[in-house]
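K.L.:
Residue-level listing of the chains:
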Amino acid sequence: MATTKYMENTSNPLNTEASDETLIGQFKAGNTEAFDFLYHRHLPSVYKRVRYVVPENDVEDVTQEIFIAAIKSLPSFRGDSQFSTWLRTLTNHKVAEFYRRRTRKQEPMLAPLSDANAKIIGNTSKSMEERVYLQRALHELPENYREVLLLRFTEDLQFNEIADLTNQNLEATKSLFRRAVAALRAHLDK
Amino acid sequence: MSQLDHNKDNQLADFADKAMQGKLNNPASSSDAELVRLEETILRLKNTLPSKAPDAATSKQMLVRLKARIKREESEKIPFWKKLFNFQSNPQVGMILAVAMILIIAVITVPSLELGGGAVTGTASNTTNLLIGGGLIGILVLIYWISRRK
Numbered sequence: 001m002a003t004t005k006y007m008e009n010t011s012n013p014l015n016t017e018a019s020d021e022t023l024i025g026q027f028k029a030g031n032t033e034a035f036d037f038l039y040h041r042h043l044p045s046v047y048k049r050v051r052y053v054v055p056e057n058d059v060e061d062v063t064q065e066i067f068i069a070a071i072k073s074l075p076s077f078r079g080d081s082q083f084s085t086w087l088r089t090l091t092n093h094k095v096a097e098f099y100r101r102r103t104r105k106q107e108p109m110l111a112p113l114s115d116a117n118a119k120i121i122g123n124t125s126k127s128m129e130e131r132v133y134l135q136r137a138l139h140e141l142p143e144n145y146r147e148v149l150l151l152r153f154t155e156d157l158q159f160n161e162i163a164d165l166t167n168q169n170l171e172a173t174k175s176l177f178r179r180a181v182a183a184l185r186a187h188l189d190k
Numbered sequence: 001m002s003q004l005d006h007n008k009d010n011q012l013a014d015f016a017d018k019a020m021q022g023k024l025n026n027p028a029s030s031s032d033a034e035l036v037r038l039e040e041t042i043l044r045l046k047n048t049l050p051s052k053a054p055d056a057a058t059s060k061q062m063l064v065r066l067k068a069r070i071k072r073e074e075s076e077k078i079p080f081w082k083k084l085f086n087f088q089s090n091p092q093v094g095m096i097l098a099v100a101m102i103l104i105i106a107v108i109t110v111p112s113l114e115l116g117g118g119a120v121t122g123t124a125s126n127t128t129n130l131l132i133g134g135g136l137i138g139i140l141v142l143i144y145w146i147s148r149r150k
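Residue numbers (the working numbering), protein chains in the order written: chain R, 1 to 190; chain A, 1 to 150.
Mixed in with the good hints, there may be bad ones.
Where chain R lies over chain A, by a calculated footprint (3+ residues, C-beta under 8 Å) [as the list claims (entries may be wrong)]:
id : stretch
1  : 4–11
2  : 14–21
3  : 62–69
4  : 100–107
What the hints contain is simulated information worked out from the structure, not anything from laboratory work.
Cβ coordinates follow ideal geometry from the N, Cα and C atoms, glycine included.
Please construct the entire structure, taking both the sequences and the accompanying hints into account.
P.N.:
Below you can see the structure in the form of structure tokens.
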């Protein structure tokens, strides 16, 4: 199994500047250290995205699940899309799975607010409540609205980069962004 | 799309760019109430939701914890059949088993409810049905019992 293979250490020297494709190739060839490089390279974007939409207490857990799923799926990764795009899709799936699990376990609308009680250093309960409130509103947005906001705010992509990534023109992307912010505002005003 | 909408799209996009660069902390479009509300929402998002990536030390610690979790999960692997029959995480399987039981009971009981004209009431086919049905129910109960064992 992929995760078992990952835990068996082989230590071929790796070039830290190697592309994702090269590292994936090396990982598939049995050099598990290649995954560590991929992990350190992509953790910031995955972590920021997860932290933006998932309650603080669950951020690391969900992040771990994403990378475990990546280790398991990498052997079948064919490189049809960029690794970062593939990982972004995987992240969205895992976040959706997190909320599905949560909905099954408890009442969905009450669940996130309970996290406002979590004691996190540097956060007042009011700012935590606001954060949970915003996360809930983001979660309720249609996927294309949520995605354009996440690309702009968590990955700090420029609008032309978002347009390229989503195969839209720049005007359509900016229009989508404005509609997404308006929809978010409407959710917050409810 | 009207020119006005197009202008608003551009204004809001510019505002978001500047807000992300930390150049703006207040709404900029004081003349347009709708834009002001949207700009406030952008500032609210930017100021409330965290956008910092973990530092190098935290990343390393997280990788260590990830590897520990993988190791733990590898050593605690649950057999496939046990996962399948874990009805708490797999309620669909429980439902399928319940439907299967109902079908088996129906298969057993329906022939005996037929208004046959024969002189012999307990026919061979009924006995066979009962045996097959009983056997299947026994197997299902056994699977359920095994899946409940810790």
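K.L.:
Now, for every hint given, state plainly whether the structure supports it.
P.N.:
Now for the hints, and whether the structure bears them out:
no.: 1; hint: 4–11; in the structure: holds (count 5)
no.: 2; hint: 14–21; in the structure: holds (count 3)
no.: 3; hint: 62–69; in the structure: holds (count 6)
no.: 4; hint: 100–107; in the structure: violated (count 0)
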